[in-house]
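So the protein sequences, as listed, match chains A and B. Going by our numbering, 1197 is the number at position 343 of the first sequence; the sequence numbering is gapless. Going by our numbering, 936 is the number at position 61 of the second sequence; the sequence numbering is gapless.
In short, the hints are calculated from the structure, not lab data. Please note: incorrect hints may appear among the correct ones.
[To be verified] Pairs of lysine to any residue, SDA-like flavour, derived with a Cα cap of 25 Å:
1) A/Lys1084 - B/Gly973
2) B/Lys1148 - A/Pro1029
3) B/Lys1148 - A/Glu1023
[Stated by the list, open to error] Which chain A residues stay away from chain B? Per the calculated CB distances, all over 10 Å, these:
4) Leu860
5) Leu977
6) Leu1059
7) His1121
8) Gly1148
Backbone N, C-alpha and C fix where the C-beta goes; we use that ideal spot for every residue, glycine too.
One-letter residues, chain by chain:
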Amino acid sequence: MNRFKLFYGGSIVVLAALAAALGAALVLTAIGASPAATFVTIFTGPFTDVFGLTEILVRAIPLILVALGIAIAFRSGIINIGAEGQMLIGILAATATALALPTWPKAALLPVVILAGAAGGALWAGIAGTLRARLGVNEILSTVMLNYIAAQLYTFFLRGPMIDPGELETGSGTPQSMRLPEAAFLDRLVPGTRLHMGLVLALVLCVCVWFFLWRTTWGFRLRAAGAEAKAARYAGIHVPGSLVAAMGLSGAFAGIAGAVEVSGVHHRAIENITSGYGFAGIVVALFGALHPAGIVPAAFFFGLLLVGSDMTQRSAGVPANMILVLMGVLILCIVSAKMYLNNPYAQERAARFLARFRKPGAGEPS
Amino acid sequence: MTHDLVYNILSLGVPFSVALLLASLGEMFNQRAGVFNLGCEGIMCMGAFLGFLPAFFLKTGPLAPYGIVLGFAVAAAAGVAMGLLFALVTVTFRAEQGIAGIGLQMMGWGVAGTLFRHFVGGVTGVEGLASWPLPGLSRIPFLGGILFNHNPMVYIAFLMVPASWYLLFKTPWGLKVRAAGTEPRAADSMGINVNRVRYQALMLGGAMAGLGGAYLSLCQAKMFADDLVAGRGFIAVALVYFGRWSPLGVLGGALLFSLAQSLQLAIQVAGIKFPYEFAVMLPYVLVILVLSLARKARMRGPTHLGVPFNREMRY
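The whole structure should be built from the sequences, with the hints applied where relevant.
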């Protein structure tokens, strides 16, 4: 039955992706662009040169990190929509730390900067986690609100206390921080591109998250509280505590994503630095079935989508907002498909339906 | 001086509340029927853009006066369509409502933004609705200007409050809605088609969120921009909690927020030094505070809020 299950699950995921593509195609037709040409540009454009290829990986790094955090939260029974805000706070914390310690050597500064990012994200997410655990405040609403608040806080700091003094001198006043000290940079992996060591970090953290969630007591507690809170409580797990821990951990990953983005790609805090990774991470996590082994390929796929949709904006004039449509429809499709994914009854029916097309005597699908 | 200031804050705050009020009343029907529709934000985005579009196209033609009316109609229709889509996902496919709502929000935001860039492109204004002082009533000193000197949509929105109350508490359909959200199994045994009621509630809620969005672009800002809605859909969802699922409570919440907004404007106009970012932040902080405090009061919300109804399942 296992092979059939894999086939069944796989075909449902493919169907969901097709439905999403259909939705996007409708919008593309509405604005008079050719869906086929657009999709071809999105899916093949980034592969034409080294820059495009590495750029896919560059986009995948924060997506992996954010999605890991979101997977931890979702698995633990708390929904984190606030990765965008947590990233911003993580960036603020990481940038401030790096700028405050310009003389530190790289071996010491880099870990501290990334940990500062993690702490910032964890703190921001912790607000929502605590409100949920203590006062029962709906965490979806509170994280969404914290996103808006973080965005304002971020611009406030970039325009005020943290603005690059050079910007004030020249009078251009671009809201951005000073350039980080070089010791806080993540090394570039391929010279001449933006691909940086964050990729290694992200992949290592994938293994860590897998180990934590599936091979440690702590991870088991979190998952148990998420799977069935009442049973977990009966077994002696402190559910509110595990919610806060899961949310904090989830925010820490978003914060790391922010720190990695600033020290690996931009080297300073700028406006629009998150470019929607916080939301795209949700889709990546769902698409990757909330498991590190699924999140990595999903992140590469969405990295491709992001780079490709940038290319269509330049070449075909299709607005890059298009990617939001695709992601939104994809979320709707994935959550709808879930009912069929974990439903033995629907599986059974599909198996019987397929059996009709088999040659008599070939037997049941194995 | 202070009299003028208070008057200005109040008379600005009342029309500001319309978008929130319409969307929240719609969301109240959704939640009363047991569906938590976070997609409200996305529906408002779509309503704001699709409502703006006819008014924008008909701006110079002979049909200009009808552009706004057509805009509201289109926005309501788009809201119904998106409510239907959300119902398909959460009622028929029984998907997790919170995440599905975020999906709908992204979709609405993305579609509105994409179409906007293609059809409009930049900042373009529309006429908006003229103010329509109610004869007699608008002459009442002080109160007249605050309550009865606005565009017609303001009156319509405020009339929606008693209308929603009547619909929810005094009609057979309202009873069905409340039953679907609180005792779906009992409702089912009584022969009520729970899923159909939820579909209807989501369509109604979608239409109202669409109207709320259209009000933003057609009457309040008189233009469309990507971030026009700016989380008002999420605030509307929070207001339903705050108003404890009653039309009057929702009205109170909507007024609280719109007054906070006009107060913030008044502070800026008065030139009081206050970082702009913190002023913008205020409503969002207020939502979190409101949600935290709402918990302490005893909540008597729909018990099956967020739970998909499955006839074959035993609880």
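Checked hints:
1. At roughly 21 Å between alpha-carbon atoms, A/Lys1084 and B/Gly973 fall within 25 Å of each other, so this suggested pair holds.
2. At roughly 20 Å between alpha-carbon atoms, B/Lys1148 and A/Pro1029 fall within 25 Å of each other, so this suggested pair holds.
3. Using a Cα cut-off of 25 Å, the hinted pair B/Lys1148 and A/Glu1023 holds, with the two alpha carbons roughly 23 Å apart.
4. Non-interface call for A/Leu860 relative to chain B: holds, since the shortest CB-CB distance, roughly 22 Å, exceeds 10 Å.
5. Listed as outside the interface, A/Leu977 is consistent with that label: its C-beta sits roughly 15 Å from the nearest C-beta of chain B, beyond the 10 Å cut-off.
6. Every CB of chain B lies more than 10 Å from the CB of A/Leu1059, the least distance being 23 Å, so the non-interface label holds.
7. The Cβ of A/His1121 lies farther than 10 Å from every Cβ of chain B, with a closest approach of about 24 Å, so its non-interface assignment holds.
8. The Cβ of A/Gly1148 lies farther than 10 Å from every Cβ of chain B, with a closest approach of about 16 Å, so its non-interface assignment holds.
This entry satisfies every hint, going by the numbered hints stated previously.
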